[in-house]
Amino acid sequence: MQNPSNYQKKIIHIDMDAFFASVEMRDFPQYRNIPLAVGGNEKQRGVISTCNYEARKYGVRSAMSTAIAKKLCPQLTVIPGRMQVYKDTSAKIRAIFARYTDLIEPLSLDEAYLDVTHCQQHHGSAT
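Per my numbering, residue 24 is the first one in the sequence shown, and the count goes up by one each step.
Read the hints as simulated data drawn from the structure, not as lab findings.
You may find that some hints are simply not true.
To be verified - Here are the simulated DSS-like pairs of lysine-lysine, each with C-alpha atoms no more than 30 Å apart in a straight line: (1) Lys66 / Lys110; (2) Lys115 / Lys32; (3) Lys33 / Lys110; (4) Lys94 / Lys80; (5) Lys110 / Lys80; (6) Lys110 / Lys93; (7) Lys93 / Lys66; (8) Lys66 / Lys94; (9) Lys80 / Lys66; (10) Lys33 / Lys115; (11) Lys80 / Lys93.
Claimed, not checked - Pair by pair, the computed Cβ-Cβ distance ranges are: (12) Ile119 / Pro97: 36 to 42 Å; (13) Asp111 / Lys66: 27 to 33 Å; (14) Ile91 / Ile37: 15 to 21 Å; (15) Lys32 / Gly82: 35 to 41 Å; (16) Ile57 / Glu134: 24 to 30 Å; (17) Arg122 / Lys32: 43 to 49 Å; (18) Ile91 / Arg117: 30 to 36 Å; (19) Lys80 / Leu130: 23 to 29 Å; (20) Gln143 / Lys94: 29 to 35 Å; (21) Ala121 / Gln31: 20 to 26 Å; (22) Ser88 / Ile34: 33 to 39 Å; (23) His141 / Lys115: 20 to 26 Å; (24) Leu130 / Gly82: 22 to 28 Å.
For every residue, glycine included, the Cβ atom is placed at its ideal position computed from N, Cα and C.
Taking the hints into account, I'd like the entire structure generated from these sequences.
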């Protein structure tokens with residue numbers, strides 16, 4: 024092993040933006056290219072968990088009340104989350120990370136840090 028002072032750490036930050044909405048668009052093509060949010064029902068004081076970029080164009084954001092989101096974007100499609108599907112998808116993605124390093128620091132289902140300092144693939148490049 025090299026002397027630690029002879030190399031720089033290579034850390035990759037992975038953040039899968041709009042993860043829940045992206046999974047829904049992957050699984051249900053009819054949700055592509057329309058304003059989509061994953062969240063709670065507006066009649067039950069629901070909150071937006073995440074939304075796609077089509078919805079963001081109207082000002083819809085995570086943690087916003089669904090009622091306000093629907094006022095900003097009346098055509099917004101709001102669907103309930105499918106947490107087990109998101110967990111399963113996240114596990115598949117983490118398995119891909121594990122091909123490159125076992126030093127994975129998950130922050131959430133859609134975010135992690137990977138230490139690829141000693142990764143021998145890609146000629147020593149971090150990406």
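Results for each hint:
no., hint, result
1, Lys66 / Lys110, "27 Å, holds"
2, Lys115 / Lys32, "26 Å, holds"
3, Lys33 / Lys110, "27 Å, holds"
4, Lys94 / Lys80, "13 Å, holds"
5, Lys110 / Lys80, "27 Å, holds"
6, Lys110 / Lys93, "27 Å, holds"
7, Lys93 / Lys66, "11 Å, holds"
8, Lys66 / Lys94, "13 Å, holds"
9, Lys80 / Lys66, "24 Å, holds"
10, Lys33 / Lys115, "23 Å, holds"
11, Lys80 / Lys93, "13 Å, holds"
12, Ile119 / Pro97: 36 to 42 Å, "38 Å, holds"
13, Asp111 / Lys66: 27 to 33 Å, "29 Å, holds"
14, Ile91 / Ile37: 15 to 21 Å, "30 Å, violated"
15, Lys32 / Gly82: 35 to 41 Å, "39 Å, holds"
16, Ile57 / Glu134: 24 to 30 Å, "26 Å, holds"
17, Arg122 / Lys32: 43 to 49 Å, "19 Å, violated"
18, Ile91 / Arg117: 30 to 36 Å, "34 Å, holds"
19, Lys80 / Leu130: 23 to 29 Å, "27 Å, holds"
20, Gln143 / Lys94: 29 to 35 Å, "53 Å, violated"
21, Ala121 / Gln31: 20 to 26 Å, "23 Å, holds"
22, Ser88 / Ile34: 33 to 39 Å, "36 Å, holds"
23, His141 / Lys115: 20 to 26 Å, "24 Å, holds"
24, Leu130 / Gly82: 22 to 28 Å, "26 Å, holds"
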